[in-house]
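Next come the chains, spelled out residue by residue.
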Amino acid sequence: GNSVTQMEGPVTLSEEAFLTINCTYTATGYPSLFWYVQYPGEGLQLLLKATKADDKGSNKGFEATYRKETTSFHLEKGSVQVSDSAVYFCALPLTDSWGKLQFGAGTQVVVTP
Amino acid sequence: DTGVSQDPRHKITKRGQNVTFRCDPISEHNRLYWYRQTLGQGPEFLTYFQNEAQLEKSRLLSDRFSAERPKGSFSTLEIQRTEQGDSAMYLCASARDPERFYEQYFGPGTRLTVT
Numbered sequence: 037g038n039s040v041t042q043m044e045g046p047v048t049l050s051e052e053a054f055l056t057i058n059c060t061y062t063a064t065g066y067p068s069l070f071w072y073v074q075y076p077g078e079g080l081q082l083l084l085k086a087t088k089a090d091d092k093g094s095n096k097g098f099e100a101t102y103r104k105e106t107t108s109f110h111l112e113k114g115s116v117q118v119s120d121s122a123v124y125f126c127a128l129p130l131t132d133s134w135g136k137l138q139f140g141a142g143t144q145v146v147v148t149p
Numbered sequence: 124d125t126g127v128s129q130d131p132r133h134k135i136t137k138r139g140q141n142v143t144f145r146c147d148p149i150s151e152h153n154r155l156y157w158y159r160q161t162l163g164q165g166p167e168f169l170t171y172f173q174n175e176a177q178l179e180k181s182r183l184l185s186d187r188f189s190a191e192r193p194k195g196s197f198s199t200l201e202i203q204r205t206e207q208g209d210s211a212m213y214l215c216a217s218a219r220d221p222e223r224f225y226e227q228y229f230g231p232g233t234r235l236t237v238t
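Protein chains in written order, with our numbering: chain A, 37 to 149; chain B, 124 to 238.
One or more of the hints may lead you astray.
Stated by the list, open to error - Okay, derived cross-link-like pairs now, DSSO-like style, lysine-lysine, Cα gap no bigger than 30 Å in a straight line: (1) Lys85/A with Lys96/A; (2) Lys180/B with Lys85/A; (3) Lys180/B with Lys88/A; (4) Lys85/A with Lys104/A; (5) Lys134/B with Lys180/B; (6) Lys134/B with Lys194/B.
Calculated from the structure, these hints are not laboratory results.
With the rest of the complex left out, here is chain B (with noise of 0.2 Å):
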């Protein structure tokens, strides 16, 4: 088990460009999650996979956001024409389906800054 890896863990970029996130999970983790936190507050969800199917987004996730899980295993995250306001700490999750799913194991995380 060499726990969730997210790649890159800093990512510095100008508005209007577009980022893009990996996600590797625990292996035999079939549900994924994408939160995103901002300084002082807890993570907030974007939206998750079990397998290769995305089952939900959030509405924090506008149509600039862009999440794959290409044959249920890795994850990224796209965002498109960055804004300032995009600036966070993106967070990956796996959890293991159906009966374990609320033990989320997360990634270090990757903190976006848009300048």
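Next comes chain A alone, as it looks inside the complex (with noise of 0.2 Å):
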């Protein structure tokens, strides 16, 4: 079935870094690709998606682009804020899903003023 594999935490960062979270994914076919934020005692947000290869989803200074040759979908931000500091996920279908969602363990990410 689908997967996703995802990078460990704690990442932790100055103010202004460049952060990356690495995501790789299994898949049957070529199915939407997530990220999701969930903020310190909030709910998990959608943060940006992208719907087939080569797409490149963005939202609040994060981009992902959709690489089916790496079969990844790498979470960037080039200059993080001490806002920034959440739980990020990376998330697919579920193989015949209608709407179920695999995540990723999750990567906790710190930035520090």
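Take each chain as given, in its own frame, and dock them per the hints.
Now the structure itself:
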């Protein structure tokens, strides 16, 4: 079945540093790919998505490109802020899913001033 | 749009007791999902509804778990005879069907601790 693997955290960065969180997937076909974010004390929020190969999703300064050659969907941000401290989850639909999502284990990001 | 709400936010119960959680989705969303999240892991799918119909249940959902969504509005998740292994965060999410059911809006979760 479909699955994702993402890099372990925590990732600790200084403000204005470059952030990359690796995500690789195994899937049947070319499903949509997602990044969700969970800020402290809040529910998960959809951060960005890509629906087909070579698509780039972007939101709030974050970007991720759907690369079928490397089966990857790495999340990047050029200059992080303290407010970006959160847990980030890569996700894709479960096989024959009708909306069911398979999430990675999450990567905690801590940005220090 | 008031977002997805869940009640209670925290529940501590003794092993063997029954607990019930409530989820109120975004009003125009007809898809509703329940997930379970344990520490250091991503959410795991439990079950989902389209309107009032429960369309699928994960094998993670033992017969001690039951979920309902009467009238296609709010949903409840009941756990009978709780076990310590049930301790987790229970998340509810809703989505608009049919085209955007992967864009799920999550509630803050109910954290269950079974002692």
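If you draw a straight line from the CA of Lys180/B to the CA of Lys88/A, is it 30 Å or shorter?
Measuring from Cα to Cα gives roughly 28 Å; hence the hint holds.
Are Lys85/A and Lys96/A close enough, with their CA atoms no more than 30 Å apart?
At roughly 13 Å apart (the allowed maximum being 30 Å), Lys96/A and Lys85/A satisfy the hint.
Just to be careful, I want the Cα atoms of Lys134/B and Lys180/B compared with a cutoff of 30 Å; is the pair within it?
holds, 23 Å
Is the hinted pair Lys134/B and Lys194/B satisfied, with a Cα-Cα distance of at most 30 Å?
holds, 26 Å
With a cut-off of 30 Å on the C-alpha distance, tell me whether Lys180/B and Lys85/A pass.
Since the Cα atoms of Lys180/B and Lys85/A sit roughly 26 Å apart, the hinted pair holds (cutoff 30 Å).
30 Å Cα cutoff - pair Lys85/A, Lys104/A:
holds, 15 Å
Of the numbered hints given earlier, the model fails none.
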